[in-house]
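**Q** Each chain, written out:
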Amino acid sequence: MPEYKWPPMNKRKIMGQRISRLDGPAKSSGRAKYPSDLNPQGLLHGVMVTSPYAHAKIRSIDTSAAKAIPGVTAVRNFVEAGAEIQWAGAEIVAISATTEEAARDAVRAVKIDWEVLPHVVKDENLAKVGTRAKAAGEQITGDPDKALAEADVKLEADYGIPVITHCCLEPHGQVISWKGDQLDYWPSTQAVSTVATQLATLIGVPATQINVTCDYMGGGFGSKFPPDTWGAEAAKLSKESGGRPVKLFLDRATELTIAGVRPSHYAKIKIGAKSDGTITAWQSDSWSSGGFGGGGMAPIPYVFVNIPNRRNNHAAVALNAGPQRAWRAPNHPQASFLTCSALTDLAAKLNMDPLALLQKNAGLTLRADTYKDQLNKAAELMDWKNKYHAPGEGKGTIRRGVGIGVATWGGGGHASKAKLTIHPDGSVEVELGSQDIGTGTRTCITMVAAESLGLPMSAVKVKVGKNSYPASGPSGGSTTIGGVSTSTRKAAINALEKLFEKVAPSLGVPPDQLEAVDSRIQVKGNPNKAMSWKQAAQKIGPSPIEEMGENVPAQAAREGLNTLGAAGVQMAEVEVDTETGIVKMRKMVAVQDCGLVVNPKTAESQVFGACIMSICSALFEERVMDQVTGRVLNPDMEFYKLAGLPDIGEIVVHMDIQEVHDKRGVIGLGEPCAIGGTAAIANAVHNALGVRIPMVPVTADRVLNALGNKRYA
Amino acid sequence: MQSFEYANPANLKEAFAALGSTWEDAAVLAGGTDLLSLMKDYVQSPKRVVNIKGIKELGGISRKGGQMRIGATVTLDELTSNAAIRSSYPSLIQAAMGVSSPQLRNMGTVGGDLCQRPRCWYFRRGFGLLGKGPGGEALVPNGENKFHAIFSSGPAYFVSASTLGPALVALGATVTIASASGRRSVPVEKFFVAPTADGQREIDLKPNELVTEILIPVPATKNATYEVRQRELVDWPLTAASVALRMNGSTVSSASIALGHVAPTIWRASQAEKMLVGKTITVETAEAAGEAAVANATPLSGNRYKVQLTKVAVKRALLAAAGIKA
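Those sequence lines, one after another, are chains A and B. Position 587, counted from 1, in the first sequence is what our numbering calls 587; the numbers after and before it change by one each time, with no gaps. Position 60, counted from 1, in the second sequence is what our numbering calls 1060; the numbers after and before it change by one each time, with no gaps.
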């Protein structure tokens, strides 16, 4: 059995280095072709007719006029007459045409007779959703009533975080075409190895006939796993158009309306504590909605899970609005916001610094030492001691404040297979049916392979993005880095073992006495008994060495290459104009553990992006629904507001790289860093003003409404 | 986008010939920063698009008698780069720089700024300028109106999107409008109108007319614009106040205060203007003027906060014009 374990921290030559992503130049120069950039010869444009109503029955669909428009090659119905539609934007008809203009003209020529039904699209006020709220059952631990009654200090407050969308810069969609019975499929996907199987089921062709390619993709955040109805219909449009390629990507409005949302979450929270700050009780009555399917309860109380007495009541609210999809750490940002807001308000009631309150109650978390450590580190980087003041304390109309949010996540590696080939000319390639969704996966795989083979990164060619490569899991749950680094490591070690067998006779030692170092195969510890990598490869013979490596999640704990369990602490400093209610970011600090960090640079880059997403959701971002028309009012980049560079302030990322974390193995990072920031910012506003803005985003209207006649000078 | 004819007139005469008698006949293309999205969203589907960027006499910034002339196709970037404008009209520069996107400043024109359509999300989603539901009901007062008017008794509740409008109104500018039958001059203040019925436009311009130039009086004023925006990245102001003060020593001899993004038109704060006459600008008088400016506000269900923002914008614009640090 070969030895797969990671080289010790101080022995690694490539892993742990700050390596710029290999595809950076291609991306920044525009040479990288995303699926939506592809325009194969004979391209047809696919466009969808979507429902203008939030709840309606279709009496009839008449596509005859659309079919008659010159250039239209195929018209297909997603649904038939009689179907009941549960949200505006739902897919009704798909049309392909030789130009986008013709396709759009055809869309407008489709006549649908609707029976409009009553809808509910807003969930902020539980009293107004009527029968749309379904209780999820009560969860009780200990005796919350008694604990609350006996508490020295009690907090009771309401908090809310609205629906936001994924707002992928590259919208959902694909280019798809037939060549004979083969379907060439270029989706913008997070799931290269599983999307073909799903598409196969949807369109009734064997998966063997579907060839997926996704070299780059422009953002998914959890919303781009399935082929979707539009993938299936695009395949059929292409078939009906003689196999010509059909490009069907959602337009911006449709992207923001139906391609996935993060559920809202609202809660009335009660916390009881002793006067020394020891938390004794939690009660939450919460509701949430991610569309017609309602919304599950976020894991609250969050991180501080072992509060001894707890009661949770939750209701799922069915809205006539676009459905939820996994959004970077599903339900965790909401849980962090609700919990950390309430804990900060409790600290205010206790006249305690919230940092001290969290430290004091670290025993209620599952990783007390790590959180204490990370709180200290974040406080140091934020200069918390000097910046923290009692809530609302200060002078002038511009007030500053600081706040904290915490995070936890799993992130164990997914199932992944890698094939590593050493060619007789010494060149090396690694193939995985994985995807680089912008995180730097390609770069990290290259680093692991090069480290394992004792080669420079330039000697290793990594190929991902095709389902013809060995299957690797979808990029969800922050599972990719653990999966692909493990499978790549094992494939590399397996291949080396074969190479050593070929080389050993020439060096006069048994194969297990060899090592691969600095582009040489040498007798362990003896650079004088060595041959170059190239010479070694020549011993392979005519057929290359091809070896597989596999990450099997159930074996990961035993092997120790990857594991799960990431902790993070984020702090924010904001400036609030108390006359206008405008909040500006000054600084964010993110302290994040994710075990063994393969590439600190791309890891930090993940955290930077996550901080920016947190700023968006804390200060700018929300889906606005109109109760009368049932429509999304801001499915655009104008009123669906995201932060720009001047809005983000300074961001300090501290990857918590230390032996104690490193020896746990590789852990996923994409999600844990996208959790605590929103809470930190909302809490910083509270610290600045001494007034809780109960809902994010903390916009001018919410701040001024909460301040009422309160004046600052 | 509906297919359209494209006209590329070289002079005004050709342009007038290309324009039509209804808005559906033709649309004027200058920077295109608004028109293209209106057409893509089928909010406007003109049969012909008339590009006026090739018409030389619509460009240029020059002194014309006692007035500064700004051609309709002058871009916001040309405007903000012009030394004479920079020295005399900081309010205009501040407003233009509030369009914090170099791309928009490079393409967007002064005439286009005045003629752009409102950003009301009901209008942009196809519910008309007056925002009417399927049964003809007014959507704005009962709907999502946090970005809507605080000075309107209906039926129009959208806010004028013009960025330069408040500054131009406060500076007493006029707009020259031309058609095949001649020219007319309209104070910028009167150029914006609140429609009262379906089919009416929000500006005093007919389908067969073009905005050709803006004329701003040269006499020196102390002027400034203050906008409140949620974010620094390009964003519509939540409110904007522009002031122009004529001073007699340290006291105000006359004041013009114009508000943007608070009404279907550029809103003149005449009560605040009157109360400043004979006063020195201080934090206290500026604050009082802010109060007076919003005294008649009639906020909707979701935009009471804009009353406070407008008050502050007036105060800060006055202090900026007077060179006082708050």
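Hints in this document: simulated from the structure, not taken from any laboratory. In this text, all values refer to a predicted model and were calculated from it rather than measured experimentally. Note that beta-carbon positions come from the ideal geometry of N, C-alpha and C, so glycine has one too. Just to be clear, a hint being listed does not mean it is correct.
Derived DSSO-like pairs: lysine-lysine, alpha-carbon spacing no greater than 30 angstroms straight-line [said to hold, decoys possible]: (1) B/Lys1190 - A/Lys111; (2) A/Lys584 - B/Lys1325; (3) B/Lys1132 - A/Lys111; (4) B/Lys1325 - A/Lys57.
Here are some, though not all, of the chain B residues that point toward chain A, as calculated from beta-carbon distances under 7 angstroms [what the hints assert, rightly or not]: (5) Gly1133; (6) Ser1179; (7) Glu1232; (8) Leu1233.
**Q** Please list, smallest to largest, the hint numbers that this structure does not respect.
**A** Numbers 1, 4 and 6 - these are the hints that the structure violates, sorted from lowest upward.
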